[in-house]
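**Q** Listed below, chain by chain, are the residues.
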Amino acid sequence: MDNIFDITGMWVAVFLTFCIYSFLFKDNPFYKFTEHLFIGISAGYWVARYTQDILIQKLFNPLFFPGNKPHDWWLFIPLFLGIMMLLKLVPRISWASRWPIAFVVGTTLGITIIASLQSDILMQVQATIKDFQMKPYVLFIGADKTVGNQNGKVSLQELDQFKKLLGQFPPKDLDKNGKIGMAEAAKAGLDERFFKFLDTSPPDGALSQAEMAELTAARQFFDKPDFKEFIASADHDGDKEISPAEWRTGHLFSGKWYVLTQACFNGILFVIGVSCGLIYFFFSKEHTGVFGMASRLGIYFLMICFGASFGYTVMARISLLIGRMIDVIFAFHWLGQQLF
Amino acid sequence: MNLLQILQNIDRRIIYVLMFLSVIVPLVKPLGLPIQTTAPAENFYDYIETLKPGDKVALSFDYDPASRPEVHPMALALAYHCFRKKLKIIAPSLWPVGPSLAAEIFHDMKKEFPHLKYGVDFVNLGYISGPTQGVSQVESLCTDLKDARPVDVHGTPYDELPILKGVKGLKDIRLVISLSAGDPGIPGWVQIANARYGVKIGGGATAVQAPQFYPYIQSGQLIGFLGGLRGAAEYETLVGRKGTGMAGMDAQSFAHILIILLIVMANVLFFLEKQQAKWKG
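These protein sequence lines are chains D and X, in that order. Mapping to my numbering: the first sequence position 77 is 83, numbers consecutive. Mapping to my numbering: the second sequence position 194 is 848, numbers consecutive.
Here are the computed lysine-lysine pairs in the DSS-like style, where the Cα-Cα straight-line distance is at most 30 angstroms:
id: 1; chain 1: D; residue 1: 75; chain 2: X; residue 2: 819
id: 2; chain 1: X; residue 1: 825; chain 2: D; residue 2: 75
id: 3; chain 1: X; residue 1: 710; chain 2: X; residue 2: 740
id: 4; chain 1: X; residue 1: 740; chain 2: D; residue 2: 193
id: 5; chain 1: X; residue 1: 739; chain 2: D; residue 2: 202
Calculated directly from the structure, the hints in this document are not laboratory data. On a predicted model such as this, the values are computed, not experimentally measured, just so you know.
Make the full structure from the sequences, and use the hints.
**A** Here it is in structure tokens:
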């Protein structure tokens with residue numbers, strides 16, 4: 007505790023906490039007093055802040071007292087609109103308040119509708135179906151060190167680089183939970199796309215021992231004496247590059263079929279859940295037959311979602327109680343230290 | 655009155671006392687239950703680990719004292735991590751009380767990192783006013799920081815703050831972290847800073863809001879997320895700094911166990927009552 011104000015504030019907070027919680031026993035004047043105090047102080051603080059930060063700093067000063075800068079006479083428009091809004095309190099001319107309200111609603115809608123459309127609808131639609139795609143199981147390192155089967159080819163030199171990269175895994179500084187996070191992987195030279203390709207069981211932003219085993223399996227293959235012979239035999243067209251079709255004959259990553267199936271299951275669940283949830287809210291058709299079954303499935307998904315949301319709400323309320331109790335315990339601990 | 659009726663009519667004050675004990679006892683006598691970290695927190699941690707010393711990060715204080723128990727511990731853990739990595743923090747606020755909370759964070763951090771200098775290593779920009787959702791505030795912060803806040807919370811002009819040299823708008827910095835308790839907050843940052851300018855956004859919010867932001871994590875619009883006191887505890891575990899997040903987890907676990915037991919008991923009593931009515935009928 008630094009000073010007398012901190013100590014006084016701490017004990018006032020403890021007293022007011024007990025006053026509020028006294029309501030759990032029954033309503034009483036202490037609770038009523040604290041409730042009114044809280045509302046009054048909150049309202050007063052916000053009025054003071056808005057007056058200082060908005061009315062004075064952003065309206066009156068630039069308009070009437072700009073200092074070295076020129077007067078911003080355009081601010082008469084928002085001043086006039088603000089006064090019109092207050093005319094709501096005068097019954098005879100309360101109609102005048104509709105104009106500034108319409109202006110505020112219109113501009114806010116114009117600004118937010120595009121932003122919301124992009125981030126809350128379009129990107130969410132994209133995210134719903136992004137896992138619902140069959141990842142090709144063949145892995146390539148491209149010339150720019152990006153990873154993935156994009157109908158590209160990999161040269162023998164890049165394969166050597168890939169082999170060296172595998173030799174650096176796993177890096178020594180593993181995460182505390184025995185996993186490799188993106189930061190450690192980046193240090194070892196594993197780029198983000200390769201990281202995401204491996205991080206599939208489950209996709210949790212870290213490579214587990216099982217996921218790293220994929221690299222170990224690949225390294226073992228590279229270490230085999232007949233590796234170069236395999237590459238030479240796989241390069242059917244003799245262009246010193248391995249195409250996806252040529253690589254597939256080597257079955258290097260065939261163990262990833264199981265992992266891909268799991269990733270697809272999550273994607274399928276997402277699509278079904280979102281579709282059925284939306285079907286439930288479509289009321290232009292009677293919910294019978296297949297449509298009705300989909301609607302009922304949608305209800306189950308929605309109920310699970312509401313249950314999870316309720317659980318989080320309970321957690322939040324208990325967290326607030328814990329926060330108050332920590333402050334109360336700290337106060338009495340401080341008192342104990344002063345007395346004994 | 656039989657046992658069934660007694661349990662059905664249990665005085666709610668008994669439940670209040672049980673809840674109070676389930677919170678107080680673990681706080682006074684912690685058990686030290688292990689805390690498992692989850693992917694959203696780990697992704698957040700990993701991303702900050704990829705930043706280099708000297709990189710600038712914006713830590714937006716979009717909450718008020720009512721949400722302090724949940725959001726303040728994660729703010730402390732995040733600030734600690736940033737300063738440990740020698741990152742520089744720019745602290746705007748979309749809520750009026752945000753600057754006071756930011757000042758508290760920096761005051762605490764100066765005790766752990768005495769070499770920190772205001773204006774060089776961190777700056778408290780102050781409150782940026784605007785309508786709800788924060789869309790216009792975020793737009794102005796991203797494009798022209800000087801116009802949005804010509805002075806910081808102490809009245810120091812923008813050009814006199816070394817940390818802001820070379821920063822035209824927040825779209826030029828590596829990461830924006832929004833500590834949010836409502837509107838304006840994370841939605842505004844995601845809708846404008848991320849969607850329009852491609853700024854990387856990390857989020858920390860109250861547990862009540864957390865479910866509405868999980869779609870943003872899944873779509874990649876948030877690089878990481880901390881939800882409620884649990885999220886704060888996870889981040890404290892990752893950075894290795896004990897705080898109120900970790901301290902509260904034992905109490906959280908016991909309180910949840912009590913609630914689960916009460917819910918199960920209520921459901922069992924409901925079905926027993928129906929069964930009894932059937933037998934009597």
